[in-house]
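Residue numbers (my numbering), protein chains in the order written: chain S, 1 to 86; chain W, 1 to 384.
Quick caveat, the hints were computed from the structure, so don't treat them as lab data. Take the hints with a grain of salt, since some may be wrong.
[Claimed, not checked] Computed spacing ranges between beta-carbons, pair by pair: (1) W:Thr195 with S:Asp60: 32 to 42 Å; (2) S:Asp60 with W:Lys187: 30 to 40 Å; (3) S:Arg15 with W:Tyr215: 16 to 26 Å; (4) W:Asp127 with S:Gly68: 36 to 46 Å; (5) S:Glu73 with W:Pro212: 43 to 53 Å; (6) W:Tyr215 with S:Gly12: 19 to 29 Å; (7) S:Glu73 with W:Asp127: 23 to 33 Å; (8) W:Pro212 with S:Arg15: 16 to 26 Å; (9) W:Arg246 with S:Gly12: 30 to 40 Å; (10) S:Arg15 with W:Thr195: 36 to 46 Å.
Quick reminder that beta carbons are idealized off the backbone N, C-alpha and C, glycines included.
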Amino acid sequence: MALAVGCRAHPGKGRDNKTGSWRVFKPLFDHEKCSKCGTCQVICPEGCITEDKEGFFDPDYAYCKGCGLCAEECPKEAIAMKQEEK
Amino acid sequence: MLEITEGSMAVAEAVRLCRPQVVAAYPITPQTHIVEALAEMVANGKLDADYITVESEFSALSACLGASAAGSRAYSATTSQGLALMFEVCFNVAGQRLPIIMTIANRALGAPLSIWNDQQDSISLRDSGWLQFYAEDNQEATDLHYIAYRVAENPAVQLPAFVCFDGFILSHTYEPVDMLTQGDVDKYLPKFAPTERLDAADPVSFGMYATPEYYLEFRYETDKTLKDAKSVIQAAGKEFGKMFGRDYSAMVEGYQLDDAETVIVAMGSICGTVKDTIDDLRKEGKKVGLLKIRVFRPFPSEDVAKALKDAKHVAVLDKNISLGAKGAVALEVKDALYGSSVPVFDYIIGLGGRDVRKNDIREVVALAEKGKGDQFIGLRKEVL
């Protein structure tokens, strides 16, 4: 996509900013340990964790900044933060 | 039609003919007469524009930024400390690619406080992304405003421009100036028609943030656009010459250059004094010439290198200094001539309104011929 002259942008395009590139640590969700409580989804400041058909939760890595709050709060310690090489 | 008029009045009249829709400026010596005249024109109904009175230069250029983003032709004028106060806004205007034209009545920067002329103010904004034109006389100062708007608003450019003319030396001097008519200017300068503008019905933001993945590319594109503007400047100058008889297609202008052994490089009103001195020196058999730089940004490196390639000595007059290094013009000229064997000497001259006389120019020529330079001219050793 060509750059907009003068860095101009129309509103409602926050989703265009894929903040996943900011991440240093990547949360890895272990469904074996998960109790489907949904704490991770509630706590995620980016709002990028969604529930699937079976009731498990997963982040959208295009937007996950790797803050680690989900891993910190998970009562089952089902989320591991792993350093990511890009 | 030829009119005997003060430089500031001539510039104000030229600006009026450009039909700016928004004027926001804060008075500061020696720019004051320009904005006073424009305020009067608006008050008397001679200029159909909104004149926004503001509390500082920062606000003045900020108001112009908003007006230009909203699709208006915007104008401001300032100098010295006023321009320094606009520093942040200047970068934003260029980064948002808004074609505002601002007259700079060049003046020294404090401290110590000085209201007199040199070119430190606009030179200090050389990295901001604005085009920079420098006028030798008031005819050129007025003509460059029409050209500046035409170039700046060209869709391939979309960048702001300074039109610089020396404070007091030009701004307060009465000279004959050939003023264009409104019909002439309307033919030369089409209405400002930006592709995007602030509009509540179709919202858009200007100058959004760029993450590290994008910022470098934005800077690259602005730099490339500024460099590519050379051809737009040349075409606009040529068209001006065709329509009104004064050709501004060249970004640099030579005087007695063809066989010159010592070439002086200068910008602005000092070129007049240099030309007179050259006339005297030529009568004495000395082969001296002048290369006048009219456009400092984008810097016409190729033109400068071509014009100076056969010179034996190049003497650059700088009415500014990058403290701790050299004068800004000399640094550019040296860069343009890098790899050649032409010696370039820098002379810091006329700072803070110090008169530059023919004898000073003679001294510069004599020093350059002896291979001496990179120094101040006219230092009063008794006070040091």
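Each hint tested on the structure:
| no. | hint | verdict |
| --- | --- | --- |
| 1 | W:Thr195 with S:Asp60: 32 to 42 Å | 34 Å, holds |
| 2 | S:Asp60 with W:Lys187: 30 to 40 Å | 57 Å, violated |
| 3 | S:Arg15 with W:Tyr215: 16 to 26 Å | 20 Å, holds |
| 4 | W:Asp127 with S:Gly68: 36 to 46 Å | 40 Å, holds |
| 5 | S:Glu73 with W:Pro212: 43 to 53 Å | 30 Å, violated |
| 6 | W:Tyr215 with S:Gly12: 19 to 29 Å | 23 Å, holds |
| 7 | S:Glu73 with W:Asp127: 23 to 33 Å | 48 Å, violated |
| 8 | W:Pro212 with S:Arg15: 16 to 26 Å | 20 Å, holds |
| 9 | W:Arg246 with S:Gly12: 30 to 40 Å | 50 Å, violated |
| 10 | S:Arg15 with W:Thr195: 36 to 46 Å | 25 Å, violated |
Hint compliance for this structure: hints 2, 5, 7, 9, 10 are broken, all remaining hints hold.
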